[in-house]
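*Asks:* Residue numbers (my numbering), protein chains in the order written: chain S, 1 to 129; chain L, 1001 to 1216.
These aren't lab readings, by the way, just hints derived from the structure by calculation.
Just so it is clear, the structure is predicted and the values come from calculations on it, not from any experiment.
Glycine included, C-beta positions come from ideal geometry on N, C-alpha and C.
Take every hint as true, because none was put in to throw you off.
Label-pair restraints from in silico Cβ distances:
1. Phe1009(L) - Asp85(S): 35 to 45 Å
2. Cys32(S) - Pro1020(L): 33 to 43 Å
3. Leu1169(L) - Ala115(S): 31 to 41 Å
4. Pro104(S) - Val1176(L): 33 to 43 Å
5. Gly123(S) - Ala1063(L): 25 to 35 Å
6. Arg97(S) - Pro1206(L): 49 to 59 Å
7. Thr1191(L) - Leu60(S): 33 to 43 Å
8. Ala101(S) - Ala1088(L): 37 to 47 Å
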Amino acid sequence: MTDHHSVRFTLLDQQVVDADGRRIGRVDDLLCDDPGPGGEPVITHLLSGAEALGDRLGGLTGKLMAAVSARLRTTPDGPSRIPADLVADHADLVHLRVRLADLPDVAGLERWLSAHVISLLPGAGDADQ
Amino acid sequence: MTPYEMFFFSSGAVESRWGPKDLTEMRVNVLVGFPLGGLLAIAIQAVAFLVFFDAGIQVEHLAETVLPVGLALGKLGLAIALLGVFAATFGATLETLFSTGYQIAQYFGWSYGKVQPPAQAARFTTVVVGLLLLSTALAMTTLDPITVTIFAVVFSATVLPLTFLPVLLVGNDRQVMGQLANGRLSNTLGTVTLAISTVAALAALPLLVLTRGGSS
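Given only the sequences and the hints, what does the whole structure look like? Please build it.
*Replies:* What follows is the structure, given as structure tokens:
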């Protein structure tokens, strides 16, 4: 990711898709490395999930969203992040090189609901097509 | 046209990967479906007026709306009408549930829909199941269904222009639509529709207050 487009239009809020084409979330915020005076900041991580989005939105709704999401998180270190070098392509959707299963810190709510709620329902493993 | 239909059909189109070759099917759906729906709505209102107005009956429940069919066509007609009521309400329940699920899932970028097993769209499925339980609980209170309907229609009218405008903008985006981007006729019709729905949206809430929820 060395291009010089505005990240507001090319990256922020875009759909993140894993190597299987599965939708896993949106780019809710970005982490950058600040190289100091004169240097250009480099994006190191994509942040995805309601905690990052809530922090970014601010206000009462944002604070509430971030607080609930942070309380549900099982890992200690901040909103769930995806290393920027795992991004294969972000021309349209943000395509990752890896599968969701290889990113244990991402989409925690999806995993928990899948294991504890939805998989208990009859037909949870059936697809339409 | 209500906002939930817009979300429901556009999400369905994305999910089943509609392309230019599906345009004919879509046009048939719209050109046959909408006039048919309008005709049926007018027919229901007409027979309801003929039967209920002279008799001085105030319709308070969905069940009473099939009375004209029973009077005109007898038992068999009544049975068909009841089947139709069941199909319509069951279908609309699924549509609105999925539509709300689609909106929430797409806002956060979650996987959604029926192309993958529900266990692989767990957040979406949970929202749909949760809404079904919540709305069933709401229906089991003694809340008057007609009041709920009036409020629901008014609030749909209020948000309709906000749902329609993005569709009109995407229709003009040549990067997305290519050769099929809107021409002058589509844009004129679209802009007129947008203008009418904006007027309706602005008038809806004041009218709800002034008429005390349609009671006067």
